[in-house]
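2 protein chains.
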Amino acid sequence: MEKQRVRLTVAYDGTNYHGWQLQDNGITIEEELNRCLSGLLGETIRVIGASRTDSGVHALGNVAVFDTESPMPAGKISYALNQRLPEDIRIQKSEAVSPDWHPRHCESRKTYEYRIYRAEFPMPVKRLYSYFTYNALDVGRMREAAAYLEGEHDFKSFCQTGSQAESTVRTIYTLWVEEQGQDLVIRVCGSGFLYNMVRIIAGTLMEVGQGKREPESMQDILKARDRASAGPTAPAHGLTLIRYEFFS
Amino acid sequence: MEKQRVRLTVAYDGTNYHGWQLQDNGITIEEELNRCLSGLLGETIRVIGASRTDSGVHALGNVAVFDTESPMPAGKISYALNQRLPEDIRIQKSEAVSPDWHPRHCESRKTYEYRIYRAEFPMPVKRLYSYFTYNALDVGRMREAAAYLEGEHDFKSFCQTGSQAESTVRTIYTLWVEEQGQDLVIRVCGSGFLYNMVRIIAGTLMEVGQGKREPESMQDILKARDRASAGPTAPAHGLTLIRYEFFS
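Read top to bottom, the protein sequences are chains F and Y. Just so we're aligned: 122 in numbering that gives the first Met the number 0 is position 123 of the first sequence, and the numbers increase by one with no gaps anywhere. Just so we're aligned: 139 in numbering that gives the first Met the number 0 is position 140 of the second sequence, and the numbers increase by one with no gaps anywhere.
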């Protein structure tokens, strides 16, 4: 039978998962996709993910591909797969792609949002998808700091140590700080992100917002090429992978 | 010791609770408040709730009062109580009220939102706080229907049968249907609501939006004074009690 390569747009609530990537000590998104796809298509399926999100991180549109010998039309797989997946994972789209298309070997643009809920007390219905703080945050200062990070830079200081990335140069197209009522949303769009990069940017911008750092200090942090020069890694549950755009 | 009456503004994620009111077969919000307040204040506390929300319904601002002999300043109770409560219940405010103030014996205005997520497939991060539908909804028709329900009416048709309300006349000050991206929000503000009234209104307006009923049919439904004449009760998890305002 002829093989086809299928691309999935995958949304999930990361609360109950140990991240994307297969591992021994907890259930992962990749594992659930492999299990449900194999059951649906009657063959052993191994997906390849675009972004291996961390434990607790959410996604509206992560991407995965897999090869199958099944004659099921690619566009119908989303409907059938959603019947088998747990309710905190839902395929948003399934489509045929060329047999050599690979989500990590092609130019793409990724958008993440880091959401902060600002109030005196936490709000239960927001607790799973935003980071709560009672600290006052100066949005103007955060925007000023964010502007220093836009463009092509060596983001080594914003990369978790131990990462095996060959190059730590990345391009941030836009880094916006938006107020949505009591929520503050850090929205970043870039060519790619290093390990924990968005969460370290969020943690550093929050320190600027609290007055613990100056907006101009972003320049020194970039120059230092040292994780210790940046702020803390903001908690995972405030982060959501919004969208992938591919240019090939 | 002198008694004081304390009013709490209570927010909760209703997902894991069997509603507000004490019952034998599941944990309730009232039970958790009584347990944690009794532990904090060292005496047996029994709260009186303003709105006994159903299983699965959420709240940003339900209200409860209780009497205590504790000398703890009323305004500090929120902080101390939040340390003991599970993370899906959070006190937003605690304050002293007069000893005869009762949340169900005074004039008030309540605001509820019923949230509908419209898309081809469910979105996991929205699944707990909105009702998913892939049905197209005509917002113009829903707004036209909503307008018939504003004002003072006998809402018996929009009341779950078996309710013991003495009068089924209520006043809806505003009933708005708002689009927020892919969300459709039915926001209703009124003097009070009958059992399941907001969920029956939401279920009926969705049928109008789908073309199963005409907007003008709202008049006949009101006149019928019969639960069977209205649409289905929309699922609980789409409903959130937003706010209470008291006039005394």
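Derived by calculation from the structure, the hints in this document are not laboratory data. All figures in this text were calculated on a predicted structure; none of them were measured in a lab. One thing to keep in mind: the hints can contain errors.
Intra- or inter-copy, both count: the list cannot distinguish identical chains.
[Unchecked claim] As a list, the in silico DMTMM-like pairs of lysine to aspartate or glutamate whose alpha-carbon atoms are at most 20 Å apart:
1. Lys75 to Glu119
2. Lys75 to Glu213
3. Lys75 to Glu42
4. Lys92 to Glu143
5. Lys222 to Glu177
6. Lys222 to Glu165
7. Lys2 to Glu68
8. Lys92 to Glu119
9. Lys125 to Asp87
10. Lys211 to Asp225
11. Lys125 to Glu86
Results of checking the hints against the structure:
1. Lys75 to Glu119: between (47 Å within a copy, 13 Å between copies)
2. Lys75 to Glu213: neither (52 Å within a copy, 34 Å between copies)
3. Lys75 to Glu42: within (17 Å within a copy, 60 Å between copies)
4. Lys92 to Glu143: The answer is neither: 37 Å in one copy and 34 Å across copies each exceed 20 Å.
5. Lys222 to Glu177: Result: close neither inside a copy nor across copies, 27 Å intra and 48 Å inter.
6. Lys222 to Glu165: within (18 Å within a copy, 73 Å between copies)
7. Lys2 to Glu68: within (5 Å within a copy, 75 Å between copies)
8. Lys92 to Glu119: between (40 Å within a copy, 9 Å between copies)
9. Lys125 to Asp87: both (16 Å within a copy, 10 Å between copies)
10. Lys211 to Asp225: within (19 Å within a copy, 63 Å between copies)
11. Lys125 to Glu86: Both: 19 Å inside a copy, 11 Å across copies.
Of the hints listed earlier, those the structure fails to meet are numbers 2, 4, 5, in rising order.
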